[in-house]
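With chain P held as given, fit chain F with the ligands onto it using these hints.
Chains P and F are the protein sequences, given in the same order.
Position one of the first sequence corresponds to residue 6 (our numbering), numbered consecutively onward.
Position one of the second sequence corresponds to residue 206 (our numbering), numbered consecutively onward.
Please keep in mind that the hints were generated in silico from the structure rather than gathered at the bench.
Glycine included, every Cβ here is placed at the ideal spot set by N, Cα and C.
One should not assume that every hint holds.
As the list claims (entries may be wrong) - Per label pair, the in silico range of CB-to-CB distance:
id : chain 1 : residue 1 : chain 2 : residue 2 : range
1  : F       : Leu210    : P       : Arg233    : 39 to 49 Å
2  : F       : Val579    : P       : Arg82     : 42 to 52 Å
3  : P       : Arg233    : F       : Lys220    : 49 to 59 Å
4  : P       : His146    : F       : Met589    : 51 to 61 Å
5  : F       : Leu225    : P       : Val227    : 49 to 59 Å
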Amino acid sequence: MSIVALESVHKVYPLGRTEVKAVNGVTFSIERGDFISIAGPSGSGKSTILNLIGCIDTPTSGRVLIDGNETGGLTDREITALRHRFIGFIFQSFNLVPVLNVFENIEFPLLLGKETANRKDRAEYVDFLIEAVGLTQWRDHRPNELSGGQRQRVAIARALVTKPQVVLADEPTANLDSKTGNAIIELMKRINRDLSTTFIFSTHDPSIVDIADHVIRLHDGVITEDRRTRDAVPSGAAGK
Amino acid sequence: MKLVLIALRNLNRQKRRTYLLGGAIAFGILIVTLINGFAGSFVINVSENFSQLLAGHLFVSAVERSDDGRERRIVGDEQPILGALEASGVPIVTVTRRSDFSGALFFQGTSVRQNIVGADWTRERFLRDRLVLVDGSFENMLRTGADGRRNGIILTRDIARRLNVEIDDRVVVRMQTVDRQQNVGEFVVAAISFDPGLFGQLSAYADLDYVNELLLVPAGSYQTIGVFIPDIQAIDESAETLYAALTERANVFPRTRGSDDPENPVAALFDSGDDEEWTGTRYRLLTLNDILSEVQQIVLLLNGAALVILLVLFLIIMVGITNTFRMIMFERVKEIGTMRALGMQRRRVLLSFLLEAGFLAIGGIVVGLALAGVVMFFVSRIFMGLDSPIFILLKNGYFTFRLLPVQVAMNSVIVTILTVLAAYVPSRKAAQMRPVDALRA
Ligand SMILES: Nc1ncnc2c1ncn2[C@@H]1O[C@H](COP(=O)(O)OP(=O)(O)OP(=O)(O)O)[C@@H](O)[C@H]1O
Ligand SMILES: [Mg+2]
Numbered sequence: 006m007s008i009v010a011l012e013s014v015h016k017v018y019p020l021g022r023t024e025v026k027a028v029n030g031v032t033f034s035i036e037r038g039d040f041i042s043i044a045g046p047s048g049s050g051k052s053t054i055l056n057l058i059g060c061i062d063t064p065t066s067g068r069v070l071i072d073g074n075e076t077g078g079l080t081d082r083e084i085t086a087l088r089h090r091f092i093g094f095i096f097q098s099f100n101l102v103p104v105l106n107v108f109e110n111i112e113f114p115l116l117l118g119k120e121t122a123n124r125k126d127r128a129e130y131v132d133f134l135i136e137a138v139g140l141t142q143w144r145d146h147r148p149n150e151l152s153g154g155q156r157q158r159v160a161i162a163r164a165l166v167t168k169p170q171v172v173l174a175d176e177p178t179a180n181l182d183s184k185t186g187n188a189i190i191e192l193m194k195r196i197n198r199d200l201s202t203t204f205i206f207s208t209h210d211p212s213i214v215d216i217a218d219h220v221i222r223l224h225d226g227v228i229t230e231d232r233r234t235r236d237a238v239p240s241g242a243a244g245k
Numbered sequence: 206m207k208l209v210l211i212a213l214r215n216l217n218r219q220k221r222r223t224y225l226l227g228g229a230i231a232f233g234i235l236i237v238t239l240i241n242g243f244a245g246s247f248v249i250n251v252s253e254n255f256s257q258l259l260a261g262h263l264f265v266s267a268v269e270r271s272d273d274g275r276e277r278r279i280v281g282d283e284q285p286i287l288g289a290l291e292a293s294g295v296p297i298v299t300v301t302r303r304s305d306f307s308g309a310l311f312f313q314g315t316s317v318r319q320n321i322v323g324a325d326w327t328r329e330r331f332l333r334d335r336l337v338l339v340d341g342s343f344e345n346m347l348r349t350g351a352d353g354r355r356n357g358i359i360l361t362r363d364i365a366r367r368l369n370v371e372i373d374d375r376v377v378v379r380m381q382t383v384d385r386q387q388n389v390g391e392f393v394v395a396a397i398s399f400d401p402g403l404f405g406q407l408s409a410y411a412d413l414d415y416v417n418e419l420l421l422v423p424a425g426s427y428q429t430i431g432v433f434i435p436d437i438q439a440i441d442e443s444a445e446t447l448y449a450a451l452t453e454r455a456n457v458f459p460r461t462r463g464s465d466d467p468e469n470p471v472a473a474l475f476d477s478g479d480d481e482e483w484t485g486t487r488y489r490l491l492t493l494n495d496i497l498s499e500v501q502q503i504v505l506l507l508n509g510a511a512l513v514i515l516l517v518l519f520l521i522i523m524v525g526i527t528n529t530f531r532m533i534m535f536e537r538v539k540e541i542g543t544m545r546a547l548g549m550q551r552r553r554v555l556l557s558f559l560l561e562a563g564f565l566a567i568g569g570i571v572v573g574l575a576l577a578g579v580v581m582f583f584v585s586r587i588f589m590g591l592d593s594p595i596f597i598l599l600k601n602g603y604f605t606f607r608l609l610p611v612q613v614a615m616n617s618v619i620v621t622i623l624t625v626l627a628a629y630v631p632s633r634k635a636a637q638m639r640p641v642d643a644l645r646a
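Just chain P, with the same shape it has in the complex (with noise of 0.2 Å):
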């Protein structure tokens, strides 16, 4: 079963007397342990199509299933535990809280939940994640004393932080030079492989593009391909 599935998912914007087609009639799914990147020009409607899988915004018509279920009819409290226990977000401008630091920023989300690990089991697994993305020396830290390409990363540990199956990265390296662009697609990659979480990631960027698993490239909220370069992670860890 497909981890993600849009079927023909519309989302309109009303825009003055007219309206906007912002995804017009959409349908694709999206496999386990997959490394996705959703690609096309500006106002393609790439955001729109990451925001409808984070459920933190609803289509017009058509149905977005999470891991088989519809989410259609969930209530608003009933969504957010869901986004909770299952979807990890990375953010184009990284979205850190700027009054904790880098291990309270990565711990944020075991805290909104109900069942929270022991403390101390808590404290090690952030501290793992902090080691992972290569963040040690600045665990004390505020977002504001770190650069761009260190706070992605602990957006990036932040999203990994409750085991989501999902992650979800709008733009993720919009706001870094390409070299630490890359390196952040580079650690995304390396998660995908070692954790086999899925990533689905937008870009305009073709370089980045490549090193997707598969590509979904739109153009005025219509899909223009929908591309498997490879199968997705085989591991048994990717689970079914």
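Coordinates of chain F with the ligands only, in the frame set by chain P:
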């Protein structure tokens, strides 16, 4: 939970804004606490001061009525009073005996009406603490004249000025005896007292024996017995028990509250207005609270005013808080969106902002109370002088403050609720936002 930490750190983010809002809250609390503190001690100080001028907290006087309907205000037999005092078990510090009359004082062709109180100057030491002399001395009151009488008098400065008298001048008094006969006497001015002029005029003070002589009150008798009890707060309660004990022993006037003539509270002591048919001796029990009932009203008024000030001040402050929180929401909308995306429920978003408002309120309250404490500490150490016009409000010339913990708690709760309420509307709006809209903002 981290929410508390986040709320505190968020407050620390815009220090100037936090200090401004917290300062406004602190200021409100400061003002209201000062008024409450002043009102709390006001009634006690006024009562204490008056109790010393009037020589007691509870007063028993008596009226004798003969068969032909003639009345004399005199305590001829004090046994029922003393017996009732003992039987009632009311704790007593000391008992005073006094007589008084209202007479006309003459000096070189001018005359002034004045209330003259006869006190026992060898025993009533506290009167010396309470009366502030601007001329003469208390020792003059103990001098005896050529005829062996102690006929010194302490006049207020106002009366002395109107009569144009100085120390050792002789003034003639014309008055009525207890039997309504005209009588004339002579006083020697022993001292001149400062009259704060609040709550009616101060009486003139003379020697009890001489006042009794002028009133034609038999030796050993007097007109009013004053009872000091240890706790000024227990006046009403003690009066109840004393009244019950007195009714068992004697004919007693029904208890009435307040004086008909607020200009002269002492007049209540003389009032015998009652049409019932009776003869013999009838006693009357009055308390300081009866006489000073208007003081209690002033205290109620002060505390009421404090509450109104608190509410008005905080309605204004609330507008500021609501606007500030609206601004805070605007600034942090993206953070809110992020947290919501990461799985933070709406109620937690709301809670985190209400916590922030709550901490702001608590911080402001703590600072406000601390400031009030400091102000009270210093103000209560300033000697206002015994001849200060507000002397009757003070304790030996010093301001005192008395705060009920309940009142402080109530103010704090009101302020916290109002602050959180002010933050509620913008906070709820922020919590209700769709995460996608918040993130795009
Ligand atoms: N809230 C909105 N209200 C109105 N129109 C919107 C809204 N959000 C997106 N749109 C429109 O929908 C279309 C798709 O927008 P979207 O943000 O998904 O594009 P994108 O592919 O992410 O572009 P970019 O590469 O610039 O980020 C655009 O034409 C955009 O103007
Ligand atoms: Mg976009």
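Here is how each hint holds up against the structure:
no., hint, verdict
1, F:Leu210 / P:Arg233: 39 to 49 Å, "holds (45 Å)"
2, F:Val579 / P:Arg82: 42 to 52 Å, "holds (49 Å)"
3, P:Arg233 / F:Lys220: 49 to 59 Å, "holds (54 Å)"
4, P:His146 / F:Met589: 51 to 61 Å, "holds (58 Å)"
5, F:Leu225 / P:Val227: 49 to 59 Å, "holds (53 Å)"
When each numbered hint is compared with the structure, no violation occurs for any of them.
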